[in-house]
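Participant: Each chain, letter by letter, is given below.
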Amino acid sequence: MDSRPTSNPEAPLDRHELPRAYIIRSERERLLEAMVRMSAAKGYEATTVADVVEYAGVSQATFDEMFASKEACFLEAYDAVFDVLVAHVTAAFEAAADEPWPEQIAAGLGALVELLAMEADIARMAMVEVTAAGNDARERYRTMLTRFTPFLEEGRTYSGQGEELPADTARFAIGGATSMIFDEVRAGRGPELKRLLPDLVFAVLMPYLGPEAAEDEMRRVTRAGG
Amino acid sequence: MGRQAATNVQAGAEGTGRIRAVEPLPHSPTLELVNSPKREKILEGMLEAVGAEGYDGASVRTVLDRTGLYRQAFYDNFADKDACYLAALEMGIGRLEGIVIRAAASEETWRGQLRAGLGALLDRLDAEPDFGRGVIVEVHAAGPEALAIRAEAMKRVADFIDLARREADEAESPPQIAPEGIVAGIHAIVHSRLSTGATDGFRQLLPEFMYFAVLPYFGADAASAEMQAARV
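Chains as they are written, first to last, in the numbering used here: chain A, 1 to 226; chain B, 227 to 458.
Bound-form chain A, shown alone (with noise of 0.2 Å):
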């Protein structure tokens, strides 16, 4: 895999001698952030490989090298994303373990809307570009969503009702709130999603809890937050 064949590994590099491997990544990583802060401050579509590249200080022949085209550019950007939205989540979602399920909901909730809040290109990029980015994008938005399945398909069996309740459940709740936070994103007001949270969770427990659960957890978030 890494191609470096001569030099002592010990010995300190100068900028000059970085080994190859890492220089290929990075220009890699310098294409794909270059490419999700672009397509945040100009929209997908009127962002351009040479936007991409000017924005990266990559040659436009070593994006070619890399990425089949400006969407084969887009979607890999896009899977690194929401990576880090995932694992932000999930992380939040494991720390409140201790806790009864609607608070782990709440506490995933609020990693989320925390990291989109703070990143606006991310969450542009991540919640609203990707819509406008062809077919295959949108067909791995909806698949990048069922990532988030699991930690709320635990409330089938948090709320006793198990297979009782519709099995399109996780999607009806996990639609609920990516329009809510689309909504937000698409008129700005992304650095300020962290109002939108107890909306959020009231819209993501309902249809597990019914309604009175679903606004007692809306309470204790909304107490939390003022």
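These are calculated hints, taken from the structure and not from any lab test. In this text, all values refer to a predicted model and were calculated from it rather than measured experimentally. Hints are all accurate, no fakes.
Coverage of chain B stretches by chain A, computed from C-beta distances (three or more under 8 Å per stretch; other residues unrestricted): (1) 363 to 377; (2) 418 to 431.
As a list, the in silico DSBU-like pairs of lysine-lysine whose alpha-carbon atoms are at most 35 Å apart: (3) Lys264(B) with Lys381(B); (4) Lys42(A) with Lys381(B); (5) Lys42(A) with Lys194(A); (6) Lys381(B) with Lys194(A); (7) Lys381(B) with Lys267(B).
Glycine included, each C-beta is placed from N, C-alpha and C at the ideal position.
Using the hints, position chain B against chain A.
Facilitator: Showing chain B alone in chain A's frame:
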């Protein structure tokens, strides 16, 4: 090429833009948009083409192939594909709303209206999945104006759903966000099914949709009963 054609049309449109006297279409909820049979045919062809081939894949050419009309007929009515799709989207949404409203009209209660209206909507998706894809899925590929039209339609549905408050016990009145969550959640399920290319099975979703919509206003027992009733 498209740009050139569009310019020609705009010049030509001044001569043909007057409203022509046509047979009234008493059942159309979008009467003002559909003022000629050719225009209506193009709008339908546009939604079906976009539904079948995707927004990016569909072109003025594919719409003409589907409708059997000449280029001139298209450019007499629309500047380009984007303008045509926006008009087609308005028509498609209006038509779906008309279907729901007519089906709900004979019902007295909110639940009855919702059951009848949603059922009719799902029947239509089973009958015309490409039309449904053209309106519900591909709107996301058609730019900000199309998304704004979509957002308004979602708002109208949410406002209807929230009429449940009039019949629900005050004590059970859910937070303001409830109707938006219901519409978005149901929409996500329909959207997901349409985008995987499904051509039927929409009607079978009615019981769970009734469950999700009734639950926040009337509680779990009423929602379960409604789900059972809709399964019959």
